[in-house]
Amino acid sequence: RYQRLIAENLPLPQLILIDGGKGQLSSAVTALKEINLYGQIPVIGIAKRLEEIYYPEDSIPLHIHKKSTSLKLLQQLRDEAHRFAITFHRQKRSKNTFKSEIEEIPGIGQKTIELLRKEFKSLKNISSQPIEELSKIIGDDKATKIKSYFDIK
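If you read the sequence shown in the working numbering, its first letter stands for residue 15, the second for the next number, and so on.
Don't read these hints as lab results, they were simulated from the structure.
One or more hints might be untrue.
[To be verified] Using 20 angstroms as the maximum straight-line C-alpha spacing, the simulated EDC-like pairs for lysine to aspartate or glutamate come out as follows:
#1 K135 to E118
#2 K62 to E22
#3 K125 to D155
#4 K106 to E118
#5 K62 to D33
#6 K132 to E146
#7 K47 to D72
#8 K138 to E117
#9 K106 to E71
#10 K161 to E146
#11 K135 to E117
[What the hints assert, rightly or not] The calculated label-pair distances, taken between Cβ atoms and stated as ranges, are:
#12 G153 to H103: 27 to 37 angstroms
#13 R63 to G153: 35 to 45 angstroms
#14 S142 to K81: 17 to 27 angstroms
#15 R18 to D155: 40 to 50 angstroms
#16 I20 to D93: 44 to 54 angstroms
#17 E147 to K62: 43 to 53 angstroms
#18 N139 to Q54: 42 to 52 angstroms
#19 E147 to S82: 47 to 57 angstroms
#20 Y163 to G53: 55 to 65 angstroms
#21 N50 to K106: 42 to 52 angstroms
In this text, a Cβ means the ideal position worked out from N, Cα and C, and glycines have one as well.
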């Protein structure tokens, strides 16, 4: 990600917040050093259990008061990153599940799958569509193949 930002001459982040303590922060620092970005972007780690803040090359964590607005901001950033990652991975798994099922139908390719997914959102919705609705999107031949597949199943 950071190499792409550099290659495209885009701004780098003002802070990298690592979800984890010393170990995770150390791994992030190693990765930043490998791409020659260490020292150019501030990086800290936030350990969940005690909400300790770790700085690179400092083994003693910073303890911020639990009611501090600064700590609350860091927690919100971390929690939002978690929410985003979890949502992304669920969508990715969902797409893969959908594709693997419908790809079993002979004569149905990626473009057709994308059209169907865009229009009907789920495999269940596709399988419940009348052939006329499918035909509007992908044509009679492919609609017949899909309906036949689901009718047999």
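For each hint, the structure was consulted:
1. K135 to E118: The hint holds at about 18 angstroms.
2. K62 to E22: 34 angstroms, violated
3. K125 to D155: 15 angstroms, holds
4. K106 to E118: Roughly 19 angstroms separates the two Cα atoms, so the pair holds.
5. K62 to D33: With Cα atoms ~8 angstroms apart, K62 and D33 stay inside 20 angstroms; holds.
6. K132 to E146: The hint holds at about 17 angstroms.
7. K47 to D72: Holds. K47 to D72 sits at ~17 angstroms (cutoff 20 angstroms).
8. K138 to E117: 15 angstroms, holds
9. K106 to E71: Distance of about 36 angstroms is beyond 20 angstroms: violated.
10. K161 to E146: 10 angstroms, holds
11. K135 to E117: 16 angstroms, holds
12. G153 to H103: 27 to 37 angstroms: Cβ of G153 to Cβ of H103: about 34 angstroms, so the range 27 to 37 angstroms holds.
13. R63 to G153: 35 to 45 angstroms: Taking Cβ atoms as reference, R63 and G153 lie about 57 angstroms apart, which means the hint is violated.
14. S142 to K81: 17 to 27 angstroms: 52 angstroms, violated
15. R18 to D155: 40 to 50 angstroms: 41 angstroms, holds
16. I20 to D93: 44 to 54 angstroms: 28 angstroms, violated
17. E147 to K62: 43 to 53 angstroms: Check passed, 48 angstroms falls within 43 to 53 angstroms.
18. N139 to Q54: 42 to 52 angstroms: 48 angstroms, holds
19. E147 to S82: 47 to 57 angstroms: For E147 and S82 the Cβ distance comes to about 56 angstroms; the hint holds.
20. Y163 to G53: 55 to 65 angstroms: 57 angstroms, holds
21. N50 to K106: 42 to 52 angstroms: 30 angstroms, violated
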